[in-house]
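**Q** Chain residues, written in single-letter form:
Number of protein chains: 2
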Amino acid sequence: MKPNFSLRLRVFNLNYWGIPYLSKHRAARLTRLGDFLNMESFDLALLQEVWSEQDFQYLKQKLSPTYPAAHYFRSGIIGSGLCVFSKHPIQDTTQHVYTLNGYPYMIHHGDWFCGKAVGLLVLHLSGLVVNAYVTHLHAEYSRQKDIYLAHRVAQAWELAHFIHHTSKKADVVLLCGDLNMHPKDLGCRLLKEWTGLFDAYLEAQDFQGSEEGCTMVPGNCYVSQQDLKLFPCGIRIDYVLYKAVPGLCISCKTFRTTTGHDPHNGSPLSDHEALMATLCVRHSPPQQNPSPTCGPAERSPLVSVLREAWTELGQGMAQARWWAAFASYVIGVGLLLLALLCALAARDGAREVAVLLWTPNVGLVLGAGVIYLFHIQEAKGLCRAQAELQHVLGRAREAQDLGPELEAAPLLGQQEGDGVKEQ
Amino acid sequence: MKPNFSLRLRVFNLNYWGIPYLSKHRAARLTRLGDFLNMESFDLALLQEVWSEQDFQYLKQKLSPTYPAAHYFRSGIIGSGLCVFSKHPIQDTTQHVYTLNGYPYMIHHGDWFCGKAVGLLVLHLSGLVVNAYVTHLHAEYSRQKDIYLAHRVAQAWELAHFIHHTSKKADVVLLCGDLNMHPKDLGCRLLKEWTGLFDAYLEAQDFQGSEEGCTMVPGNCYVSQQDLKLFPCGIRIDYVLYKAVPGLCISCKTFRTTTGHDPHNGSPLSDHEALMATLCVRHSPPQQNPSPTCGPAERSPLVSVLREAWTELGQGMAQARWWAAFASYVIGVGLLLLALLCALAARDGAREVAVLLWTPNVGLVLGAGVIYLFHIQEAKGLCRAQAELQHVLGRAREAQDLGPELEAAPLLGQQEGDGVKEQ
Chain B
1 MKPNFSLRLR VFNLNYWGIP YLSKHRAARL TRLGDFLNME SFDLALLQEV
51 WSEQDFQYLK QKLSPTYPAA HYFRSGIIGS GLCVFSKHPI QDTTQHVYTL
101 NGYPYMIHHG DWFCGKAVGL LVLHLSGLVV NAYVTHLHAE YSRQKDIYLA
151 HRVAQAWELA HFIHHTSKKA DVVLLCGDLN MHPKDLGCRL LKEWTGLFDA
201 YLEAQDFQGS EEGCTMVPGN CYVSQQDLKL FPCGIRIDYV LYKAVPGLCI
251 SCKTFRTTTG HDPHNGSPLS DHEALMATLC VRHSPPQQNP SPTCGPAERS
301 PLVSVLREAW TELGQGMAQA RWWAAFASYV IGVGLLLLAL LCALAARDGA
351 REVAVLLWTP NVGLVLGAGV IYLFHIQEAK GLCRAQAELQ HVLGRAREAQ
401 DLGPELEAAP LLGQQEGDGV KEQ
Chain R
1 MKPNFSLRLR VFNLNYWGIP YLSKHRAARL TRLGDFLNME SFDLALLQEV
51 WSEQDFQYLK QKLSPTYPAA HYFRSGIIGS GLCVFSKHPI QDTTQHVYTL
101 NGYPYMIHHG DWFCGKAVGL LVLHLSGLVV NAYVTHLHAE YSRQKDIYLA
151 HRVAQAWELA HFIHHTSKKA DVVLLCGDLN MHPKDLGCRL LKEWTGLFDA
201 YLEAQDFQGS EEGCTMVPGN CYVSQQDLKL FPCGIRIDYV LYKAVPGLCI
251 SCKTFRTTTG HDPHNGSPLS DHEALMATLC VRHSPPQQNP SPTCGPAERS
301 PLVSVLREAW TELGQGMAQA RWWAAFASYV IGVGLLLLAL LCALAARDGA
351 REVAVLLWTP NVGLVLGAGV IYLFHIQEAK GLCRAQAELQ HVLGRAREAQ
401 DLGPELEAAP LLGQQEGDGV KEQ
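Chain order of the listed sequences is B and R. Anchor point for the first sequence: position 398 equals 398 in my numbering, and the numbering is continuous, going up by one each time. Anchor point for the second sequence: position 51 equals 51 in my numbering, and the numbering is continuous, going up by one each time.
It is possible that part of the hints are untrue.
Calculated cross-link-like contacts (lysine-lysine; reagent style DSS-like; alpha-carbon spacing at most 30 Å) [stated by the list, open to error]:
hint	chain 1	residue 1	chain 2	residue 2
1	B	Lys168	B	Lys253
2	B	Lys229	B	Lys169
3	R	Lys229	R	Lys253
4	B	Lys87	B	Lys60
5	R	Lys62	R	Lys24
6	R	Lys184	R	Lys168
7	B	Lys168	R	Lys87
8	R	Lys62	B	Lys169
9	R	Lys169	B	Lys169
10	B	Lys87	R	Lys169
11	R	Lys168	B	Lys168
12	R	Lys62	B	Lys87
13	R	Lys168	B	Lys169
14	B	Lys168	R	Lys169
The set of hints was computed from the structure by calculation and includes no laboratory data.
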């Protein structure tokens with residue numbers, strides 16, 4: 001790599017809100033999105049909520065002159081909704097479907113049926129290995145009573161862990177997507193602390209866009225004002241995050257968001273705002289000592305956020321076990337009722353009622369059985385994430401025991417390539 | 001690393017057959033297994049089918065003086081059954097649960113409920129990063145009519161891809177487990193070709209054990225003779241596979257299997273045979289050119305096996321879609337019947353029969369709905385694996401188009417660290 005080497009990476013991210021039959025003006029928005037992406041010619045366009053594979057195929061065809069490479073991440077029953085379009089050849093892809101993703105009986109929320117995931121594509125650009133991740137986490141339907149909090153924290157941990165294990169040879173790591181978390185939310189802090197990723201909005205040298213970088217804003221005609229009543233400016237839940245290995249400096253030159261409408265005509269591209277970042281990767285001159293914020297960060301916020309996540313997962317686990325226990329009581333009562341119905345059926349007077357109630361009761365027992373199994377699986381998934389957190393915390397304690405001069409970072413298994421960013 | 005550096009790694013692998021209430025002499029075998037592992041003091045002991053977490057906890061406690069580090073991989077409803085015991089500190093762990101793993105309605109086979117997975121533990125030994133993987137793939141219940149073949153091939157691909165993406169900084173890669181595949185089976189060839197892993201049984205300088213290295217042998221009193229009627233010597237379905245990065249030479253000094261009974265007393269430890277390998281990792285002297293079989297292998301077998309797997313997954317996908325279509329017909333018929341029952345209920349004469357048949361019919365529609373969704377998900381999972389294979393094959397074609405002097409290997413995204421083994 002030449003000393004004056006420089007790589008400019010223009011990235012686009014959008015949660016496209018493409019629910020067939022339900023999302024408003026889907027076809028028109030898709031056409032405009034395709035036109036916009038072709039005109040802007042980004043290096044990478046990462047989309048979420050492209051639920052219909054036909055929409056992906058339409059975009060793939062339309063964008064093929066500008067973005068010859070494309071990938072659709074298939075998972076679950078409906079799909080992950082994730083796809084990418086790249087100006088550069090995609091060297092490799094893989095994906096990880098989150099273990100926990102809501103409840104199948106919450107049909108009106110629907111997340112469980114999507115198989116939410118993180119997709120990875122590996123690019124080789126100017127001799128650098130770039131790992132680009134795209135993801136979409138479980139939605140938050142109520143901020144006051146968020147029944148999916150433990151699942152989202154577990155997803156954030158799996159996402160961070162997946163990046164940690166798959167980016168060991170990457171020079172540049174990029175994560176885009178709809179995290180469904182506000183910047184200060186537990187899962188968001190956990191993700192940033194464990195991966196060492198920087199937030200493009202916070203780091204941008206030149207920002208233009210919505211107030212406070214919000215990605216769901218009241219000015220967007222597709223956004224329900226009811227959902228934003230607690231946040232009059234809007235909320236920031238979509239992100240562009242990045243880092244580079246030591247020896248490289250990465251900076252966000254410009255960061256743009258749409259502001260409730262398409263940049264070239266009045267109507268918005270989606271109910272979310274699009275993010276557009278220009279990242280610049282350069283050599284980190286050997287004489288330049290990275291500033292304190294550039295190197296591995298002070299680790300106590302990591303330990304504290306790991307503990308907080310551990311507690312949250314524990315509460316989720318208790319809840320899952322309560323539901324499993326409740327379902328097992330229902331099974332017990334159902335079986336007792338079945339025995340009672342058998343006894344009633346033996347008597348002439350109540351035979352008809354007994355026969356009539358038999359099948360719904362069998363349905364009740366079977367339904368409760370399925371719910372029991374589901375929550376057992378949920379508890380196991382939360383327990384797995386908790387055990388992984390426990391292992392990391394244990395190693396942090398060992399690091400402390402070995403003396404204060406030993407930083408917890410390397411013992412915590414952080415990539416040696418914890419982000420170096422240009423100031 | 002010193003030039004005369006040498007690392008000796010003693011590894012134990014066993015499918016322990018630990019089904020609570022069903023596996024014979026489970027408690028006695030567990031005790032003997034613990035005693036044996038303590039006595040032999042391996043570097044790593046990797047187990048499958050430890051279905052009960054209590055069994056794991058018992059072993060963890062019993063083995064703690066010899067193997068201070070242990071990890072249990074939780075997944076699915078029952079669990080993955082995978083666990084590891086290590087003499088050396090475990091730096092990091094993660095796991096990947098296979099997308100496809102049989103059918104929930106095949107309750108008597110039970111694989112779907114296990115959440116079969118691959119577990120990874122990262123060790124730092126003598127300055128080397130060792131990635132040890134443990135796995136257990138879907139069982140083969142009938143060799144003549146194997147309805148799970150496409151799932152097992154997809155699992156083998158996911159396993160190979162998981163190793164490919166998570167071992168990029170590993171100096172040594174080790175994979176142990178019950179693959180439920182014979183050495184020449186499609187999935188086994190796919191795994192070996194894509195990862196470049198070597199088979200310890202085939203490479204061992206000194207082998208002692210069962211005939212042809214079989215891991216289910218007729219001499220084992222727990223093995224059903226009916227299952228082995230096509231294979232009088234037994235079958236080899238459990239493996240120790242390994243590789244190292246260039247600059248390192250890895251060899252299998254000794255390879256042992258049990259032969260139908262515990263090495264120290266007459267009864268077997270499990271219905272599978274245990275595998276014990278001594279691996280030796282040394283510097284690969286710079287003047288030594290690796291022999292042709294050591295370097296990246298000729299890639300046409302890879303392309304051919306990728307094509308074969310692609311076809312097999314396609315057949316599985318057609319099957320999955322057929323089942324989804326069949327389920328949708330049942331839903332249609334069920335809904336028609338429901339409408340008919342409504343009409344019957346309006347008449348006085350048939351009201352009782354109509355009311356009686358209403359609930360089972362609703363059950364039929366719901367059941368068919370669940371089966372429909374399951375097979376849609378199955379088709380999507382197979383389609384995902386096929387798309388990944390397609391991508392790799394496409395890149396192989398590009399490599400060919402670029403000229404014969406360009407080896408397909410680097411373009412196929414193989415780790416630069418394709419195994420170098422000592423002859």
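**Q** Need the list of violated hint numbers for this structure, in ascending order.
**A** Result: hints 2, 3, 8 and 12 break, sorted rising.
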